[in-house]
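Here the first sequence stands for residues 1 to 461, where the numbers follow the working numbering.
Everything labelled a hint here was simulated from the structure, so no lab data went into it. Wrong hints could be hidden among the right ones.
As the list claims (entries may be wrong) - Beta-carbon label-pair distances, calculated as ranges:
1. D15 x T81: 42 to 52 angstroms
2. N268 x K103: 50 to 60 angstroms
3. T309 x K150: 40 to 50 angstroms
4. S152 x E302: 33 to 43 angstroms
5. R449 x E330: 18 to 28 angstroms
6. G213 x K264: 26 to 36 angstroms
7. V322 x K150: 52 to 62 angstroms
8. Q334 x M439: 34 to 44 angstroms
9. D15 x L443: 44 to 54 angstroms
As the list claims (entries may be wrong) - Okay, derived cross-link-like pairs now, EDC-like style, lysine to aspartate or glutamate, Cα gap no bigger than 16 angstroms in a straight line:
10. K385 x D331
11. K155 x D176
12. K186 x E78
13. K181 x D68
14. K247 x D15
15. K172 x E129
16. K338 x E383
17. K120 x D190
18. K171 x E129
19. K455 x E406
20. K210 x E238
21. K135 x D176
22. K144 x D176
23. K247 x E78
24. K447 x E418
25. K154 x D176
26. K261 x D298
27. K305 x E456
28. K95 x D31
29. K210 x E59
30. K172 x D157
31. K338 x D348
32. K264 x D224
33. K110 x E78
34. K18 x E59
35. K270 x E32
36. K128 x E238
Glycine included, every Cβ here is placed at the ideal spot set by N, Cα and C.
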Amino acid sequence: MKIQDTLSNTEQELDISKNIKIYLCGVTVYDESHIGHARTIIVFDVLRKYLENKGIVIELIQNFTDVDDKIINRAQTENSTAEKISTKYIENYFKDFEGLNVKRATAYPKATEHIDDIIKFIEKLIEKEIAYTSKNGVYFSVSKFPSYGKLSKKKIDELQSGSRIAVDEQKKDPLDFAVWKFSDIKPIWDSPWGKGRPGWHIECSAMSIKYLGNNFDIHGGGRDLIFPHHENEIAQSESCTGSQFAKIWMHVGMVTIGGEKMSKSIGNVKSIKHVLENWGPNIIRLFCLSGHYSKPIDYSEEFLKENLTKWRQVETCHYELVHVNNENSEDITQMIKKLGVDFDNSLDNDFNTHLALSAFFQLVKETNKLAAEEKLGKNNADEIKKELKRMRGILGLVISEITESEKGEIDELIKNREEYRKEKQFEKADKIRDKLNEMSIELIDHKNRTIWMKKERIKSQ
RNA sequence: GGUACUCUGGCAGAACGGUUAUGCGUGAGCCUGCAAAGCUUAUACAAGGGGGUUCGACUCCCUCGGGUACCUCCA
Numbered sequence: 001m002k003i004q005d006t007l008s009n010t011e012q013e014l015d016i017s018k019n020i021k022i023y024l025c026g027v028t029v030y031d032e033s034h035i036g037h038a039r040t041i042i043v044f045d046v047l048r049k050y051l052e053n054k055g056i057v058i059e060l061i062q063n064f065t066d067v068d069d070k071i072i073n074r075a076q077t078e079n080s081t082a083e084k085i086s087t088k089y090i091e092n093y094f095k096d097f098e099g100l101n102v103k104r105a106t107a108y109p110k111a112t113e114h115i116d117d118i119i120k121f122i123e124k125l126i127e128k129e130i131a132y133t134s135k136n137g138v139y140f141s142v143s144k145f146p147s148y149g150k151l152s153k154k155k156i157d158e159l160q161s162g163s164r165i166a167v168d169e170q171k172k173d174p175l176d177f178a179v180w181k182f183s184d185i186k187p188i189w190d191s192p193w194g195k196g197r198p199g200w201h202i203e204c205s206a207m208s209i210k211y212l213g214n215n216f217d218i219h220g221g222g223r224d225l226i227f228p229h230h231e232n233e234i235a236q237s238e239s240c241t242g243s244q245f246a247k248i249w250m251h252v253g254m255v256t257i258g259g260e261k262m263s264k265s266i267g268n269v270k271s272i273k274h275v276l277e278n279w280g281p282n283i284i285r286l287f288c289l290s291g292h293y294s295k296p297i298d299y300s301e302e303f304l305k306e307n308l309t310k311w312r313q314v315e316t317c318h319y320e321l322v323h324v325n326n327e328n329s330e331d332i333t334q335m336i337k338k339l340g341v342d343f344d345n346s347l348d349n350d351f352n353t354h355l356a357l358s359a360f361f362q363l364v365k366e367t368n369k370l371a372a373e374e375k376l377g378k379n380n381a382d383e384i385k386k387e388l389k390r391m392r393g394i395l396g397l398v399i400s401e402i403t404e405s406e407k408g409e410i411d412e413l414i415k416n417r418e419e420y421r422k423e424k425q426f427e428k429a430d431k432i433r434d435k436l437n438e439m440s441i442e443l444i445d446h447k448n449r450t451i452w453m454k455k456e457r458i459k460s461q
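From just these sequences and the hints, can you work out the full model?
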């Protein structure tokens, strides 16, 4: 599998001969998560599910930044504590992502639970004279890391001249960044240098190395983290360990609205909770996977609606397979195999989910076509089901299922409706259809049989 | 200003030199008591502008232009 690496700006081969270790920068828990967060996390969720489908063991570590100015500010304005705020939004996070069918990461380390590791990390940097103490905190000395800027392709001198950074008198160099900030406002911890809290970037260095070792396979996050966050992580980590940090840097494009980045400061944020209520997980996932992960994707109701149409096709397809009763089967093994290979090849080639979805929808379409022509046999259905289930598993798409008792009720109602139809009492027949619709059951009248499907309820429809 | 990315048919979005992707939408048809869904079929000067390399370019090079992101809040 090849993945485009931001650092080398080339495609790198991912070594799948052994376990794969991935570190994903998670969220700062001071507010509700939005669709931009969802995209990044869904992309990595599908990546891990795809690799797991190949039988590879994945270690996926995703942090929570639970100590940060924003959390502290929020705590102050809400007359609460930083701990309460972060706990609240971590719970909120899990609710959102469970709703999105995202599989839990191997671990979700929090900065506040790794203060010792962070302090040890900083001690090493000070020992090596790469970090220094000043009046306001401990700073990383950028000039001690000659390749600073290699990830974001920035030149140090250009950064300095073009900078709009408020110069901190205490810093030796305006580019230096804090690894430890002195503070008296809780939450604070003791350190060899004084009371305070860690800087933002250091937590990811300390925790990724702790959980995954000096040199792991993929480090991911949103594109907006390239600078300064990931640049600084590289500087700290490689200075500390003396060896290469992540092998591949994989960055996910922004979600935009009307071409503009979705962000709190612009105020065009769509929360996961809100969109989930209106559109459900499957449509959001299709939306997030519909473009190449590295490119921006524009959020719009129309686009979600388009994905709703697609999702209905998947549901139809699924229920055609469930209700198949034809004994004769066509030879479709090759077709299924080809689309399965297309699907995998697309993902192997820099994780092209859009193309993978193309293969997926082609299989859906082929199935619906066979069903429409009454050519779909039971053996065919079993074959297709198996492959579709695999693809859906990777994509994280979940079909609404139904209980056995509901099934009995539905069959009964359909039977009644058939009677009415035979007697040409269409009003009564339609009433039954309406009743089923209220249960989210849609009827599909074929030539000489009627099948039903359970539709996911979509509020926005 | 610097850096990176991007510019494809009404819309969304692929193919890393040669094969009219694909989906949505739209038109027509099939099926149906009607509907929905599905299926069939049709639809598009397609390549930001201009050069160049090549037998051949969406794909490579140059140049001009538009857009977005980042340049210490950010997924």
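Status of each hint after checking the structure:
no.: 1; hint: D15 x T81: 42 to 52 angstroms; result: holds, 44 angstroms
no.: 2; hint: N268 x K103: 50 to 60 angstroms; result: violated, 29 angstroms
no.: 3; hint: T309 x K150: 40 to 50 angstroms; result: holds, 44 angstroms
no.: 4; hint: S152 x E302: 33 to 43 angstroms; result: holds, 34 angstroms
no.: 5; hint: R449 x E330: 18 to 28 angstroms; result: holds, 19 angstroms
no.: 6; hint: G213 x K264: 26 to 36 angstroms; result: holds, 34 angstroms
no.: 7; hint: V322 x K150: 52 to 62 angstroms; result: holds, 54 angstroms
no.: 8; hint: Q334 x M439: 34 to 44 angstroms; result: holds, 39 angstroms
no.: 9; hint: D15 x L443: 44 to 54 angstroms; result: holds, 51 angstroms
no.: 10; hint: K385 x D331; result: holds, 15 angstroms
no.: 11; hint: K155 x D176; result: holds, 14 angstroms
no.: 12; hint: K186 x E78; result: holds, 15 angstroms
no.: 13; hint: K181 x D68; result: holds, 10 angstroms
no.: 14; hint: K247 x D15; result: holds, 10 angstroms
no.: 15; hint: K172 x E129; result: holds, 13 angstroms
no.: 16; hint: K338 x E383; result: holds, 13 angstroms
no.: 17; hint: K120 x D190; result: holds, 13 angstroms
no.: 18; hint: K171 x E129; result: holds, 15 angstroms
no.: 19; hint: K455 x E406; result: holds, 14 angstroms
no.: 20; hint: K210 x E238; result: holds, 14 angstroms
no.: 21; hint: K135 x D176; result: holds, 14 angstroms
no.: 22; hint: K144 x D176; result: holds, 10 angstroms
no.: 23; hint: K247 x E78; result: violated, 42 angstroms
no.: 24; hint: K447 x E418; result: holds, 13 angstroms
no.: 25; hint: K154 x D176; result: holds, 15 angstroms
no.: 26; hint: K261 x D298; result: holds, 9 angstroms
no.: 27; hint: K305 x E456; result: holds, 14 angstroms
no.: 28; hint: K95 x D31; result: holds, 13 angstroms
no.: 29; hint: K210 x E59; result: holds, 13 angstroms
no.: 30; hint: K172 x D157; result: holds, 15 angstroms
no.: 31; hint: K338 x D348; result: holds, 15 angstroms
no.: 32; hint: K264 x D224; result: holds, 13 angstroms
no.: 33; hint: K110 x E78; result: violated, 22 angstroms
no.: 34; hint: K18 x E59; result: holds, 11 angstroms
no.: 35; hint: K270 x E32; result: holds, 10 angstroms
no.: 36; hint: K128 x E238; result: holds, 12 angstroms
Taken one by one, the earlier hints fail for this structure at numbers 2, 23 and 33, listed in ascending order.
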